[in-house]
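Those protein sequence lines, which keep their order, are chains A and B.
When we follow the working numbering, the leftmost residue of the first sequence carries the number 278, and every step to the right adds one.
When we follow the working numbering, the leftmost residue of the second sequence carries the number 278, and every step to the right adds one.
Not one of these hints is a red herring.
Below, in silico cross-link-like pairs of lysine-lysine (DSS-like), each with a Cα-Cα straight-line distance of 30 Å or less:
{"#": "1", "chain 1": "A", "residue 1": "LYS637", "chain 2": "B", "residue 2": "LYS342"}
{"#": "2", "chain 1": "A", "residue 1": "LYS342", "chain 2": "B", "residue 2": "LYS644"}
{"#": "3", "chain 1": "B", "residue 1": "LYS567", "chain 2": "B", "residue 2": "LYS535"}
Keep in mind the hints are simulated off the structure, nothing from the lab.
Spelled out from the first residue to the last, the chains are:
Number of protein chains: 2
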Amino acid sequence: MVGSVGNGLVDLGAAGAGAVTVNGFGKAPNPEAAAVVEGKGEETGNGRREIVMGRNVHTSCFAVKEPDADDEETGEREATMASVLALYRRSLVERTKHHLGYPYNLDFDYGALAQLQHFSINNLGDPFIESNYGVHSRQFEVGVLDWFARLWELEKEEYWGYITNCGTEGNLHGILVGREVFPDGILYASRESHYSVFKAARMYRMECVKVDTLISGEIDCADFQRKLLQNRDKPAIINVNIGTTVKGAVDDLDSVIKTLEESGFEDRFYIHCDGALFGLMIPFVKKAPKVTFKKPIGSVSVSGHKFVGCPMPCGVQITRLEHINALSRNVEYLASRDATIMGSRNGHAPIFLWYTLNRKGYRGFQKEVQKCLRNAHYLKDRLKEAGIGAMLNELSSTVVFERPKDEEFVRRWQLACEGNIAHVVVMPSVTIDKLDYFLNELVEKRATWYQDGISHPPCIARDVGMDNCLCGLHK
Amino acid sequence: MVGSVGNGLVDLGAAGAGAVTVNGFGKAPNPEAAAVVEGKGEETGNGRREIVMGRNVHTSCFAVKEPDADDEETGEREATMASVLALYRRSLVERTKHHLGYPYNLDFDYGALAQLQHFSINNLGDPFIESNYGVHSRQFEVGVLDWFARLWELEKEEYWGYITNCGTEGNLHGILVGREVFPDGILYASRESHYSVFKAARMYRMECVKVDTLISGEIDCADFQRKLLQNRDKPAIINVNIGTTVKGAVDDLDSVIKTLEESGFEDRFYIHCDGALFGLMIPFVKKAPKVTFKKPIGSVSVSGHKFVGCPMPCGVQITRLEHINALSRNVEYLASRDATIMGSRNGHAPIFLWYTLNRKGYRGFQKEVQKCLRNAHYLKDRLKEAGIGAMLNELSSTVVFERPKDEEFVRRWQLACEGNIAHVVVMPSVTIDKLDYFLNELVEKRATWYQDGISHPPCIARDVGMDNCLCGLHK
Numbered sequence: 278m279v280g281s282v283g284n285g286l287v288d289l290g291a292a293g294a295g296a297v298t299v300n301g302f303g304k305a306p307n308p309e310a311a312a313v314v315e316g317k318g319e320e321t322g323n324g325r326r327e328i329v330m331g332r333n334v335h336t337s338c339f340a341v342k343e344p345d346a347d348d349e350e351t352g353e354r355e356a357t358m359a360s361v362l363a364l365y366r367r368s369l370v371e372r373t374k375h376h377l378g379y380p381y382n383l384d385f386d387y388g389a390l391a392q393l394q395h396f397s398i399n400n401l402g403d404p405f406i407e408s409n410y411g412v413h414s415r416q417f418e419v420g421v422l423d424w425f426a427r428l429w430e431l432e433k434e435e436y437w438g439y440i441t442n443c444g445t446e447g448n449l450h451g452i453l454v455g456r457e458v459f460p461d462g463i464l465y466a467s468r469e470s471h472y473s474v475f476k477a478a479r480m481y482r483m484e485c486v487k488v489d490t491l492i493s494g495e496i497d498c499a500d501f502q503r504k505l506l507q508n509r510d511k512p513a514i515i516n517v518n519i520g521t522t523v524k525g526a527v528d529d530l531d532s533v534i535k536t537l538e539e540s541g542f543e544d545r546f547y548i549h550c551d552g553a554l555f556g557l558m559i560p561f562v563k564k565a566p567k568v569t570f571k572k573p574i575g576s577v578s579v580s581g582h583k584f585v586g587c588p589m590p591c592g593v594q595i596t597r598l599e600h601i602n603a604l605s606r607n608v609e610y611l612a613s614r615d616a617t618i619m620g621s622r623n624g625h626a627p628i629f630l631w632y633t634l635n636r637k638g639y640r641g642f643q644k645e646v647q648k649c650l651r652n653a654h655y656l657k658d659r660l661k662e663a664g665i666g667a668m669l670n671e672l673s674s675t676v677v678f679e680r681p682k683d684e685e686f687v688r689r690w691q692l693a694c695e696g697n698i699a700h701v702v703v704m705p706s707v708t709i710d711k712l713d714y715f716l717n718e719l720v721e722k723r724a725t726w727y728q729d730g731i732s733h734p735p736c737i738a739r740d741v742g743m744d745n746c747l748c749g750l751h752k
Numbered sequence: 278m279v280g281s282v283g284n285g286l287v288d289l290g291a292a293g294a295g296a297v298t299v300n301g302f303g304k305a306p307n308p309e310a311a312a313v314v315e316g317k318g319e320e321t322g323n324g325r326r327e328i329v330m331g332r333n334v335h336t337s338c339f340a341v342k343e344p345d346a347d348d349e350e351t352g353e354r355e356a357t358m359a360s361v362l363a364l365y366r367r368s369l370v371e372r373t374k375h376h377l378g379y380p381y382n383l384d385f386d387y388g389a390l391a392q393l394q395h396f397s398i399n400n401l402g403d404p405f406i407e408s409n410y411g412v413h414s415r416q417f418e419v420g421v422l423d424w425f426a427r428l429w430e431l432e433k434e435e436y437w438g439y440i441t442n443c444g445t446e447g448n449l450h451g452i453l454v455g456r457e458v459f460p461d462g463i464l465y466a467s468r469e470s471h472y473s474v475f476k477a478a479r480m481y482r483m484e485c486v487k488v489d490t491l492i493s494g495e496i497d498c499a500d501f502q503r504k505l506l507q508n509r510d511k512p513a514i515i516n517v518n519i520g521t522t523v524k525g526a527v528d529d530l531d532s533v534i535k536t537l538e539e540s541g542f543e544d545r546f547y548i549h550c551d552g553a554l555f556g557l558m559i560p561f562v563k564k565a566p567k568v569t570f571k572k573p574i575g576s577v578s579v580s581g582h583k584f585v586g587c588p589m590p591c592g593v594q595i596t597r598l599e600h601i602n603a604l605s606r607n608v609e610y611l612a613s614r615d616a617t618i619m620g621s622r623n624g625h626a627p628i629f630l631w632y633t634l635n636r637k638g639y640r641g642f643q644k645e646v647q648k649c650l651r652n653a654h655y656l657k658d659r660l661k662e663a664g665i666g667a668m669l670n671e672l673s674s675t676v677v678f679e680r681p682k683d684e685e686f687v688r689r690w691q692l693a694c695e696g697n698i699a700h701v702v703v704m705p706s707v708t709i710d711k712l713d714y715f716l717n718e719l720v721e722k723r724a725t726w727y728q729d730g731i732s733h734p735p736c737i738a739r740d741v742g743m744d745n746c747l748c749g750l751h752k
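The shape of chain A in the complex, shown without the other chains (with noise of 0.2 Å):
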């Protein structure tokens, strides 16, 4: 069964559930409308990839529908709905069996915590000052954000941070400190930094300006300090990575305090971590440079659905107590304290982290993110050995490699793509079973796509380096 949860409802309600259609809840599916598929995935003329898109949900939603009158005599309707609702669920087994591309922690048990679904819990406001709301679960919250500051190494009575409701608004939050701090400030930030920065950068109308990577993935400061040097009448806003999206490149954090240091930017400068996925992992790496607010950052994000693992998206935002005064003082009309972007905030998101940190603590996760870089190495090197070009950065559990040429294999692993490579991301639920079923069916399924013999595999020595690329030409 290949494609998304959308498309395997469809398939299972074609197979044994005509209720579902039936009843009007879903619709039969139209193939060819669905697809929304622009340019085939294939090189184009100019060397470049056109992106593929994903297919129109719109043709196969499952829609709202009017009661009859004597539905809840009949019990018809809760039948129905029953029924979508279980192969909805079969199907979120299939598809969370066969994830691989993103970096989010599929494993984890919160059956203790379904007791507190009948609740409305909102943490509305400042997670450090009570609203007159009742049912908010701050006291989590903040015991979650007492133990992340411990982790970044900030004081209590320094910091200041909210349980947000994914890495993004962590981001927004992080770039809109630094432009309030430094209101004509330039944001930089390498070209391979989420989206969610240059978006940010729109959003606040600030000036922004793109800095080269490495083939690693990494800023490259010599690039970094050209382009300080071309704006050095404004103070810099820097986002640094730990950890980019696609290759899992962490940025020299101590390389960009220098950069800036030499360029005369001593105390005109913020910078915000983008720490996503590997904000988390990274304090349990030995060799890795150190994430500290001992170091002059500004601020720190990281996603709680990812490395942790929780059934909704959500994040931890830990920043300078200091500048958060100086940006809640902007907004007194107030009755009470407003300095995150969201208003209402989900109060569950804190309750499931408070209770996988008390359960795994700093060593649990310890011994799961080494795990992770075993298998990730496992994973590369087993690609390698199949003639499968591959790259595994130093301090990451991400794995790019030659993109799978069928459409359909990528959206069976759900694999992320950009151009010529794809990722694998090994998170605490990816086994090396999980890694030996996809293996295997990845090489069983290449040798049929390149047994023709007149297309062959994409080079992709220009995205992890000559010595990764396997091939015709750099194997």
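Put chain B on the given structure of chain A with help from the hints.
For chain B alone, coordinates are given in the frame of chain A:
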């Protein structure tokens, strides 16, 4: 048991669950240190109250504690966590029972969806274009969006939207779309607009003009016109309130449009409707002016956790597809379309909404709206009978009344206050029984607050008009 969940739990802990603090999960509270009340909530010399801030959570949070080496064997940690959660649950029950001030429908049962809590459901990116991450719920999300687009009369091919994290995200999105359509537009919003509107102006570096309001809380179109005419040279982006936060006032959309046209802004305006609470109720109120895309509006947002009821905050954003197409041309460098504020998005929220919409349907919501309006009238009448000044806008279920003198009473009933007024928002979970319970307690306590004959109930004529005030001067 008065106060917030945090303090409630501490109360409970002290009463018979010493384990919570003994094991280091909780800390003994220090009531003095915890209070961050700025001012005393009394009127000061200049006739304005100072803001009463909530308590500091840092002193009573549940710290995350590193597991001991033998925790797994003894099971002590699991037991302690279970005990914390059980106590927390008990306090949630109590806090849910005594909640009146915020527009959240706390009455829902999503037991049928508990089976989905084991999955990391994430609708990252555009709702209509599948991403490669397969564990999503777009098929539910689009079904819900279709329902709302139909409610607000925008054709399937002409709308775009998504399930947001909260009302604030809806406003941030609507105003951003407005700004992208009219980059030099000025943002107009009534003084009684939600604070997220002014936050958006600051974030987006937009010029913002505050418009006066009538006693009812509605936008004053005479003042609006004056301000428009002072800024003839720039397009107008207007936030129209479909139910203000404090008074539940509905801005007159038709008058706003007429004012714009008469002031020479025919095709140079963008209207965002902030329907956080009442956007979903107003379609079911017979006499109400219609919110519809057949009028020249650009976007409507509504919260999902308010009238519908949902364990976590969420919202629905509907806008015109043509605007989004314009917006997404700006982000070509992305592999997929990115037109939302957030990146990763909670995939559970759409399923909660889909479930309730299917069960209740338009007819179900209509009945609930009628019940809420009836109960709101009951509350207002009973308050006035008891000699307590109160106001209820015709199209609203928000009852505004004299602020209770005792902050502990305010916290117990979780009333939202501003200056001399407080409010109760009558949601489907607010029954006549609950209102009677509240009214009896209020009347009883109030008799003691003013029994000395020295202090008197505040005059609220400035807030609700002389007709509704029952202070010594106006009764």
